[in-house]
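Fit chain B to the given chain A structure using the hints.
Protein chains: 2
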Amino acid sequence: MPAKSEAGSEVRAPREMTLAKKILAIGLMSGTSADGVDAALVSFGNRIQLIATDYFPYPSSLRADVLRASGPECDADLVCRLNAKLGKIFGASAVRLARKNKVPLEDVEFVGSHGQTIRHLPSHDKGGLSSTLQIGDGSEICRATGCIVVSDFRTADIAAGGCGAPLAPFAHFSMFGHKKEDRVVHNLGGISNVTWLKGGGGLDSVTGFDTGPANMLLDFCAEKFFGKQYDKNGSEALKGAVDKRLLAHCLAHLFLKKDPPKSAGRESFGAGYFETLLKKFGTVKPLDFMRTLCAVTAETAVGQTLKHFRPRGKVRWILCGGGAYNRAIVAEIKARLGSKGEVSLSGEFGFGEKSVEAVLMAILAFRTVQGLSGNLPKVTGAKNYAVLGKISLPGPD
Amino acid sequence: MPAKSEAGSEVRAPREMTLAKKILAIGLMSGTSADGVDAALVSFGNRIQLIATDYFPYPSSLRADVLRASGPECDADLVCRLNAKLGKIFGASAVRLARKNKVPLEDVEFVGSHGQTIRHLPSHDKGGLSSTLQIGDGSEICRATGCIVVSDFRTADIAAGGCGAPLAPFAHFSMFGHKKEDRVVHNLGGISNVTWLKGGGGLDSVTGFDTGPANMLLDFCAEKFFGKQYDKNGSEALKGAVDKRLLAHCLAHLFLKKDPPKSAGRESFGAGYFETLLKKFGTVKPLDFMRTLCAVTAETAVGQTLKHFRPRGKVRWILCGGGAYNRAIVAEIKARLGSKGEVSLSGEFGFGEKSVEAVLMAILAFRTVQGLSGNLPKVTGAKNYAVLGKISLPGPD
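Residue numbers (our numbering), protein chains in the order written: chain A, 1 to 397; chain B, 1 to 397.
Bound conformation, chain A alone (with noise of 0.2 Å):
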């Protein structure tokens, strides 16, 4: 049954969630910003519904581990202690959500966590091997929480001979899909990832893939230019004026003449990338280097969502991920959508901007603990559905 949100919209449950009790279950996301953890606690019942959400941030060493570990500098010794370490802050993050709202853990069915992504090499265009690390021992928070966990969503994609990425479309269907309104759903993190849900339309009308850059190469920006960790609100880079160089180089990034699927992560616009950036354009201003990166954010995320799912008539955009909150990014995407779309944010549907991805880390949790598949072929590039994940069982005493 459809029902209403907070916004009035119709979200829909895919039809196995339909429930009659409902359910309660944690999502953990730490995205490729590695800055914290965003932590959701959500209710599944005839409709998906966001109860309450916090943020966890890192401290400064963690994050300093965590950004050694995702750059070429990491042996194998961190990727085990930080696997051990993360893990134990994920399970952490998910008892302190569930005490601040006093929900008793044994109330908590099960928990999604994504991990921190420390690797990401889908090379299977190439032929050949493809994998993903991401690390935050699923155990650990098992442990800690006394639930049911389910950890390590990508690689069972991957095994598939997808991406393993972006899995966020199932979420963002489940979420946001609306039976007439044609919707595209964008989070823009640390990548910036679209999903285009048709009016109306199944599953199987579901897609999606990773625009490009996003946060990650404006947090580099924030930390070189401003000492800063992030640029908040976008109040530095709408300061500056775009470079018409700088952009024209980052948009003949190889990563944007792919054609989906297809998915980035660090080894296409992290440090290297940056400081290539940096040497060839170090005569731009920052504040100008700042606001040329949300146009390059904009003008990815738009220009391939249009070039790619080709909407016909007024399309809605829904915002969300942290570069949500910065206003040069939305200027950058609202001027270049003009009258092809009207741009919203997601907490207008029920969902704040910074707790879609940990509220799909439970979707997905949920979708396995089900035995069902969480991934969607046709966006990762899989063969086959997969159920996603692995599941650590709580111990017996």
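One thing to keep in mind: the hints can contain errors.
One copy or any two copies: either way a pair holds, since identical chains are not told apart in the list.
[What the hints assert, rightly or not] Calculated cross-link-like contacts (lysine-lysine; reagent style BS3-like; alpha-carbon spacing at most 25 Å): (1) Lys378 <-> Lys224; (2) Lys198 <-> Lys279; (3) Lys258 <-> Lys88; (4) Lys179 <-> Lys285; (5) Lys88 <-> Lys383; (6) Lys239 <-> Lys228; (7) Lys239 <-> Lys334; (8) Lys285 <-> Lys180; (9) Lys279 <-> Lys314; (10) Lys102 <-> Lys307; (11) Lys280 <-> Lys88; (12) Lys378 <-> Lys21; (13) Lys383 <-> Lys85; (14) Lys88 <-> Lys378; (15) Lys378 <-> Lys179.
It should be emphasised that the hints constitute simulated quantities derived from the structure, not laboratory data.
Quick look at chain B alone, frame taken from chain A:
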């Protein structure tokens, strides 16, 4: 119900495993020698029966990668790629074992895979963070076989405050426990671990620990001095004599002074340690070096077992693992035991020496899919029992 094994001795299945219908499973073990995959096809009925076993050696380039991953020169890229690659190799091994024995994979209920240990850092005793890293992705095994897969067994015990090792004692109890006879099961793998099975004792009487180095050091020696992957049957070692100074030096290793629970890995007896031995004892003749390391294995195995278990009267020593084929080790063990023990090989009890650890993974996986614990807190030092491993579910298609 106790049941007769082929050898006429009684092999008890834990109560939970007493089943009317036989359940087929595959266990996969890839030990610290990093030479390949031991695979076992096992049936669980009113007793645990080994139906077929096989060994799939790694191609030499893969072995080189695995050894590199286990050493200091391993970066996160290698961890990521090897995780997927080994998962495919493990999956293919399970498929080949089933096919060779004309067992349809649909009849195999689940696969338990240990994975390749590339780090093992249990530091609870120093009050620090404990972690362990076994790779060989369960999702890949799941995709290749279409079976439920349990992998990554050690992290749950680590999360419960244990060393994550040894995990063998629970399974040794199922395979070799006897209602009257006191038994010691000695697994001579890369590292040697021992299990104490009191005659007629329940699971709570089972103890065990890692005694020290076995094939890991011997294989370095075989490679260095004889250009061989290992000293087959101990034939080189048998030609040498024990060097007392080298023996005394090895027996002074700090690990051997520790009281159980304890577990060891490449961190204690890996390439670094072997290099130190070479530097200090470069004048010892190769054959003597080899023989002395066999004596180290035997002395640590027997000495620590007698010290910590204090068996009364004569006990049966059951040897398994690749080192059970090393006649020099077996001779050294027999010489040290004298009248205190009667030495048997595990094959006499229906479980071939090289297959015991693979059977073990099937037994532990069987516990997990039933939601039952597989660790023994007294053995690993964990604060609690834990359901071991992470479960990957096959896709809906």
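| Hint numbers not upheld by this structure, sorted from lowest to highest | Of the numbered hints, 1, 2, 3, 4, 8, 9, 10, 11 and 12 do not hold.
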